[in-house]
Amino acid sequence: MTASKNYTAQEIIVVAGSKILEDRKIVFVGTGLPMVATLLAKLTHAPGLIPVFEAGAIGPPLSVGLPISVGDSKTFTGASYVKGLNAAFEMTQRGYADFGFIGGAEIDMYGNLNSTMIGHYPDGYQKPAVRLPGSGGASDMAASCERTILIVPHDKRKFKEQLSYVTSPGHLDGSPNARYNAGLQGKGPYRLITTRGIFDFEEKTGRMRLISVFPGETVESIQAATGFELLTAKELTPFPPPTNEELRLIREEIDPAGVFVKK
Amino acid sequence: MTASKNYTAQEIIVVAGSKILEDRKIVFVGTGLPMVATLLAKLTHAPGLIPVFEAGAIGPPLSVGLPISVGDSKTFTGASYVKGLNAAFEMTQRGYADFGFIGGAEIDMYGNLNSTMIGHYPDGYQKPAVRLPGSGGASDMAASCERTILIVPHDKRKFKEQLSYVTSPGHLDGSPNARYNAGLQGKGPYRLITTRGIFDFEEKTGRMRLISVFPGETVESIQAATGFELLTAKELTPFPPPTNEELRLIREEIDPAGVFVKK
Amino acid sequence: METPTQMYWTGLSPDDAREALVNKDKSMRDKTMTLKEAVARFIRDGDNVGVGGFVNIRQPIAITHEMVRHGFRDLTLSWQSAGLAADYLAGAMMVDESRFSIKRIELAYWAHESFGLSPMFRYLAESGKIELEDWSNYNMSARFKAGAMGLPFLPTRSPVAGDIPSSNRTRIIICPFTGRKIALVPASNPNVAIIHVNAADKYGNCTIRGTDATCPEIAMASAHTIVTCEELVDHEVTANHPKDVGIPFPAVDAVVHVPFGAYPGACRRHYYFNGDHIRRFHAATAPMHKGGASDDLKSYYDEYIFGVETFDDFIQKFPAEKLMADQAAESLNCERPA
Amino acid sequence: METPTQMYWTGLSPDDAREALVNKDKSMRDKTMTLKEAVARFIRDGDNVGVGGFVNIRQPIAITHEMVRHGFRDLTLSWQSAGLAADYLAGAMMVDESRFSIKRIELAYWAHESFGLSPMFRYLAESGKIELEDWSNYNMSARFKAGAMGLPFLPTRSPVAGDIPSSNRTRIIICPFTGRKIALVPASNPNVAIIHVNAADKYGNCTIRGTDATCPEIAMASAHTIVTCEELVDHEVTANHPKDVGIPFPAVDAVVHVPFGAYPGACRRHYYFNGDHIRRFHAATAPMHKGGASDDLKSYYDEYIFGVETFDDFIQKFPAEKLMADQAAESLNCERPA
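For the record, the sequence lines run as chains L, F, Y and D.
For the first sequence, counting from 1, position 173 maps to 173 in the numbering used here; every step adds exactly one.
For the second sequence, counting from 1, position 110 maps to 1110 in the numbering used here; every step adds exactly one.
For the third sequence, counting from 1, position 152 maps to 2152 in the numbering used here; every step adds exactly one.
For the fourth sequence, counting from 1, position 27 maps to 3027 in the numbering used here; every step adds exactly one.
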């Protein structure tokens, strides 16, 4: 498996996401790249990974191809348990989801995410500058999955000191036990994958910390694309480029039509 | 249809119960005589009556015979909706049950019922003189069915000024809006059928009021078997004895084995 | 967050919802009728309408088309995640606000996943034309569930933090059992539920394949429910597979047989998405986003909605080849013999 | 009523229940094992045991027999309405308290409908040998549901009045949305759930026919779940009728194939009640109610439980003719071809 240099930002995100997932665990899968990462994990190191979708499919084999919606028929065929949204979220609230993938249009240093609106909250709430789709299940996953994996394209406009709106709570203000004290379940943001690297969140402060750098990026280039001060792990590991086999799986087996991973 | 003189107390209760039920309404059916009354109503004036059972069967035709348990297979065959206890009680709480049948070991003048214990509550709760089965779904039906039909064998030991324990709330202390103020739904006890007659509950006081007298009983004989002062309706109607056809239906069609209606 | 705004109910209050159901005819009778009749009979100006389905899956598209043809004003719309059903109602408002208008939306998500954002939502929200109340998917699902249970609220753990609770009527309390914070979300009891299902019998027992979404809860919570179905089947068919019945007959007031009733969205076992048509519909809003006129969108509505008598006429506008291709694609999704 | 006793949890607290589930192996693996192994591995002295089924329908009788053979002390038992499963555990305590004992019961109903009262319940309660906590059926079902939802409580409207709320840990609050009183019932998260189902695959996906009772909720609420099944089937069979699956595999820890596992109670599609044996079992307690010795009851246990190795041996004690008659009776109940 030799390294390829011909890969897209979406492809390395998918590879990084799949590697964070663990075999025989349950992952609450959102729409888009998380679906591709979940399928890649199942086809590589985590064949026993169990996907759960918010529309109500528990443990589908995903043998009929990549879904294009989390309520898609493809998420239900062969599933062990087929209900609706209440059942999926009740199970998550109970503790059945080991991992959950969440995205957003903006992120702050504590892993809080915005997918609701750009503008001034609360004054401008009823007439936002840009109206985004809204939480969907993201804030529920943020509140109740045991560990969340965040995916956000990395640029200064999105990595902000202050969000327009906090849709999906992360480590909140980073204070000790902030999540528990606020009434949230689970340990919150576990990893963040961007177009530039991989981050964890420092235990004491809840702050975003760079732990792995994607090819072509440096600590400096990443900090320059970030609207707040980043922490950096003592031992920073370079993230290897996707292998040819990983790229083949993504391009030929998982998303041949380029529904989510643009070519 | 000529009147018969050979009927039992259980048989006239069943006939009275069936006549109170209305066609095309939903009745939440408890175990025992209510099942027989429901079947009799369906076979006579109320073919469109819809039975609901707490174990989770909604609208079964009861075409395979008299169930001997509310969770019995016979309650499920042909049912429109088949779930569990939560679903049945959630629907009742929502307002889907027009009628509900409730029994008890003791009753007071406001239609409150005891099916939990005989003894002193709370002091003797953990070591009761007589331990009864407990609420089951009775207190839930009492709290949430729109109108309840109570069935209690009529003797002084059971018709008491003060219950040992209030399992199923009726009109509580009879004060105005007592049920609403306590947080209960529905209008509460609508009719009481005993071995001696039929009662309603006076709107203003919530008190038990004799409205119909079974053959062989008088206002005086009924008052003498009651441990508190009864109200009596202005126009008291004698309740006719069961017809031969009603008895035939009960004895030959509905409960030929005498499971609930002893011969 | 700790001092919520004064409580108010949209749709019915819990007490009114109970009263409405108690007084409703819940009998087991033939409820089949035309869509025109159902919409005219059960929906009123100012109603809170609960919308079934999930994003573009099994959304009540045929019902929204008929609602647009009928015309309604000042609706409140409630859903968890919606796509095309929301778009068709919103687009009608963009075309002619005097004929069709939405006053308020209670929602968790309005977009199209892989088919992108909703240009209708962006247009109406960014121009301040509709009142918004944001919730999470689980919030809205739990609100319908509370309504379906006859409760004024349900507790939820999500999201008790962030800005969602202060965007809406959530109350955060200290749990009397644990001492931890917990959110209480108020019930939603819409005036009417609009729902598309896979199969129904004439009484209104509904078989749902794949995701139940929050359809059973919306139907049970609402004062009235209009159901369209891909297949109208004998009662014996629904009763023979009772655990497939997601909505029981007493919750349903109108049953309308509308094949392709969720198209151009998808419906499990019947057809997959027609992405081309979704994009074509969205493209008709483009001039309005640049401050232009509603001509393109109006043309779309004139051709596909106002220009036809029934939803079946709308479906007939698609080449049979395309409809069959979308059915074939769904067959592959389901991996089962016919 | 307004000043409830200090809060305490039996079984797991909501936070502990979450932690237990997070740390549990939830993978899709072969969970078949013997009943002896399952009971020894997942039940401990002092546990809160959630009992599935409803009265004498689909109760986990085989599991209770094995529990009696194993011997446990100081159990808390939780259910909504129970019959024989409760009787078998209680009878064991009446026979030899040093070998098997129940400390506490959280219940709505313990009797047998048309088969009468439970003489075991009367004996233990009236002699003050067990701690009681009375609830309603919906209370207990909602408590398990709260546990299954990861919530500390659910609101219920029943019964907010009468003596039940003061018999237990219900808290009555003023609803912050309506100003009316409403009850909050605390979650029940048992240490272990014992459940019998119609069919299961080796992963633990369970098909339930007829009443779900509160089995899905108890399984999802508990830290561990032992399931016995009439039929052990291939995963493809459960996955082909997914809406019949009431309990999903991650909630299950042990799957044991035990035909007649709810006998002499009933199990839909398999067998109807053996009322004669229920009465014979109850009759063995008669001397104790008159202040006499436990010899009769001990004889019953020696013959039917301690005297056999497995539940299958218990079933073999019934004439094949009787077992087949009870199966035939149930066939008539179900009105379907084989």
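Because the hints were derived from the structure by calculation, they are not lab data.
Where a beta carbon is used, it is the ideal one built from N, C-alpha and C, also for glycine.
Any given hint might turn out to be false.
[As the list claims (entries may be wrong)] Listed next, the in silico DSSO-like pairs over lysine-lysine satisfying Cα-Cα at most 27 Å (straight line): (1) Y:Lys2181 with F:Lys1187; (2) D:Lys3036 with F:Lys1262; (3) F:Lys1158 with F:Lys1025; (4) Y:Lys2024 with L:Lys187; (5) F:Lys1127 with F:Lys1160.
[Stated by the list, open to error] Calculated from the model, a selection of chain Y residues having no Cβ within reach of chain D, i.e. all distances over 10 Å: (6) Asp2015; (7) Gly2116; (8) Arg2122; (9) Ala2187; (10) His2241.
[As the list claims (entries may be wrong)] Simulated restraints, written as ranges between beta carbons of each label pair: (11) L:Ser221 with Y:Arg2099: 24 to 30 Å; (12) Y:Gly2307 with L:Ser221: 45 to 51 Å; (13) D:Glu3231 with Y:Ala2286: 56 to 62 Å; (14) F:Gly1124 with D:Pro3176: 45 to 51 Å; (15) L:Val130 with Y:Glu2037: 26 to 32 Å; (16) D:Glu3037 with F:Ala1009: 49 to 55 Å; (17) L:Lys262 with Y:His2289: 39 to 45 Å; (18) F:Ala1009 with D:Glu3231: 53 to 59 Å; (19) L:Ser221 with Y:Arg2044: 45 to 51 Å; (20) Y:Thr2034 with F:Lys1204: 47 to 53 Å; (21) Y:Gln2327 with F:Glu1253: 26 to 32 Å; (22) F:Gly1124 with D:Gly3046: 39 to 45 Å.
For each hint, the structure was consulted:
no. : hint                                 : result
1   : Y:Lys2181 with F:Lys1187             : violated (35 Å)
2   : D:Lys3036 with F:Lys1262             : violated (43 Å)
3   : F:Lys1158 with F:Lys1025             : violated (31 Å)
4   : Y:Lys2024 with L:Lys187              : violated (47 Å)
5   : F:Lys1127 with F:Lys1160             : holds (21 Å)
6   : Asp2015                              : violated (7 Å)
7   : Gly2116                              : holds (31 Å)
8   : Arg2122                              : holds (32 Å)
9   : Ala2187                              : violated (8 Å)
10  : His2241                              : violated (8 Å)
11  : L:Ser221 with Y:Arg2099: 24 to 30 Å  : violated (54 Å)
12  : Y:Gly2307 with L:Ser221: 45 to 51 Å  : violated (56 Å)
13  : D:Glu3231 with Y:Ala2286: 56 to 62 Å : holds (58 Å)
14  : F:Gly1124 with D:Pro3176: 45 to 51 Å : violated (37 Å)
15  : L:Val130 with Y:Glu2037: 26 to 32 Å  : violated (41 Å)
16  : D:Glu3037 with F:Ala1009: 49 to 55 Å : holds (54 Å)
17  : L:Lys262 with Y:His2289: 39 to 45 Å  : violated (23 Å)
18  : F:Ala1009 with D:Glu3231: 53 to 59 Å : violated (45 Å)
19  : L:Ser221 with Y:Arg2044: 45 to 51 Å  : violated (59 Å)
20  : Y:Thr2034 with F:Lys1204: 47 to 53 Å : holds (48 Å)
21  : Y:Gln2327 with F:Glu1253: 26 to 32 Å : violated (49 Å)
22  : F:Gly1124 with D:Gly3046: 39 to 45 Å : violated (27 Å)
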